[in-house]
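Work from the hints to combine the two standalone chains into their complex.
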Amino acid sequence: MSDNTKPQKPPQKPESGKPLTEERGLPPVRETPPMPPVKPPKQKK
Amino acid sequence: MYQERYWKEMYQLKVHVNYVELYLERSELIDRCINIILAVTSNSSICGWAIWQQYSFIWAIVIAASQLINAVRGFLPYKSRIKPLAGLLHELEELMIFAETRWFDVSEGNLTDEEIHKLQFKIRSTKIKSLNKFFPSGTLPGDNKKSSKAEDIAKTYFNNFYPI
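In order, the protein sequence lines correspond to chains A and B. Throughout the first sequence, residue numbering follows our numbering, covering 1 to 45 in sequence. Throughout the second sequence, residue numbering follows our numbering, covering 1 to 164 in sequence.
Some hints could be false.
Unchecked claim - In the DSSO-like style, the derived pairs of lysine-lysine whose C-alpha atoms are separated by at most 30 Å in a straight line are:
{"id": "1", "chain 1": "B", "residue 1": "K8", "chain 2": "B", "residue 2": "K129"}
{"id": "2", "chain 1": "B", "residue 1": "K122", "chain 2": "A", "residue 2": "K39"}
{"id": "3", "chain 1": "B", "residue 1": "K149", "chain 2": "B", "residue 2": "K129"}
{"id": "4", "chain 1": "A", "residue 1": "K45", "chain 2": "B", "residue 2": "K118"}
{"id": "5", "chain 1": "A", "residue 1": "K44", "chain 2": "B", "residue 2": "K118"}
{"id": "6", "chain 1": "A", "residue 1": "K42", "chain 2": "B", "residue 2": "K122"}
{"id": "7", "chain 1": "B", "residue 1": "K118", "chain 2": "A", "residue 2": "K39"}
{"id": "8", "chain 1": "B", "residue 1": "K133", "chain 2": "B", "residue 2": "K155"}
Please keep in mind that the hints were generated in silico from the structure rather than gathered at the bench.
This is chain B alone, in the form it adopts within the complex (with noise of 0.2 Å):
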C-alpha cells in the first residue's frame, strides 16, 4: 500500500513539474507578444511607412490598443509569474529527480513501510514548501487544458521510463 502511495506521490509530481513548465511557456509567450506589439507601435520608423496613409484609420485603432496594453500592463499577471514560475519549475524538477532516484529502494524492497511513508511525506512537504516561496500570497488560476496536457506528458514519460 505505501509503496502504491509513493509511486501516486511520484507520478502526481512528474503532472505538476509538466504543469508549471506549460504554465511558463504561456506566460513568457504572453508577455512576448505584448513586448512585440509595444515595441512595433512606438517604432518612429514604421510608424512612417506611407502604408498607413491609406490605412489610417487601422493604424489609429492598433495605436490606441498598444496604449491600452501599455496603461494595463503592470497589471496583467504573466510578466509577473515568470520569475516565480522559473523559479518553482527548476525546485520541482530536482524534487522530482530526487523522487525517481529513491524510487530505487521503494521498489526494489530496500524500505520499510514506515520509511517509504516519511520519504513520501517529505516529497509532498517539499512541493508544499517551494509553493509558498514561489507564490506566497495567492495560487496560480486553474487551466483544465494545461491540466490534461500535463498528464498526457507525464503518462508518456512513465510509460517510457516504469513499463509494465
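Okay, chain A solo, but in the shape it has when bound (with noise of 0.2 Å):
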C-alpha cells in the first residue's frame, strides 16, 4: 500500500524577513490591547 501524503510546504516567506501584509506600504501591528468585556454575538436563527 502505498503513502500518498505529501510533505507540506512551508509557508511562503518574503526575502526581506518581513511579514506580508496586504495593506503595502503600512506596518503590520505588533500587539494589539485586550478587548473589554463584549456580550456574546446573536444566535443565528
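Okay, structure coming up:
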C-alpha cells in the first residue's frame, strides 16, 4: 500500500524577512491591547 | 473569536491612521524647509547683506546647495506625497469613525458571528481601496520610528476610550 501523503510545503516567506501584509506600505501591528468585556454575539436563527 | 478579530482590525486601522498622519506631517515639514531654503537663497536683499562679503565662502556653499536642491526637487518624493497622504488620511479617519460606531453593535451582541465577520472585511477592503486610490503604483517606504509612535498613540487612545 503506497503512502499518498505529501510533505506540506512551509509557508512562503518574503525575501526581506518582513511579514506579508496586503496593506502595502502600512506597517503590521506588533501588539493589540486586550479587548474589553463584550456580550456574546447574537445567535443565528 | 469574531469579536476579537474585529477588535484587532479596528485597532490596526487606528494605528494606520496615526501612521499616515505622522507621514504627512513629516512630508509637509520637509517640503516647508526646502521652500524656506530656496526662498532665502533666492532673495536678493538677503544676498546683499554685508556679512556675506566676510563669509563669502559659506554663502557660496549655501547657494550651491540651494541650486542642487532646486535641480533635484522635482524628483524628491515629499511634495508629491502630500496630497495623496492628505486624501488617504481623510478617508481612513472616516473609516475609523465608521468602525467605532459599529463597535457598539459588535460588543453589545447585536450581530451574529457572520455579520461581524462581514463587517470586519468590509472595513479591510475599504482600507485597501483607499490605498489603491491614493497610491496606485507604489507603496510608502517603511519607517519603524513612525510605526512605533503610531502604535503608542493608538494605545493611549484605546486606553482612554475603551478601558478594561
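Going through the hints against the structure:
| no. | hint | verdict |
| --- | --- | --- |
| 1 | B:K8 <-> B:K129 | 19 Å, holds |
| 2 | B:K122 <-> A:K39 | 22 Å, holds |
| 3 | B:K149 <-> B:K129 | 25 Å, holds |
| 4 | A:K45 <-> B:K118 | 17 Å, holds |
| 5 | A:K44 <-> B:K118 | 14 Å, holds |
| 6 | A:K42 <-> B:K122 | 19 Å, holds |
| 7 | B:K118 <-> A:K39 | 18 Å, holds |
| 8 | B:K133 <-> B:K155 | 28 Å, holds |
In terms of the numbered hints stated before, the structure departs from none.
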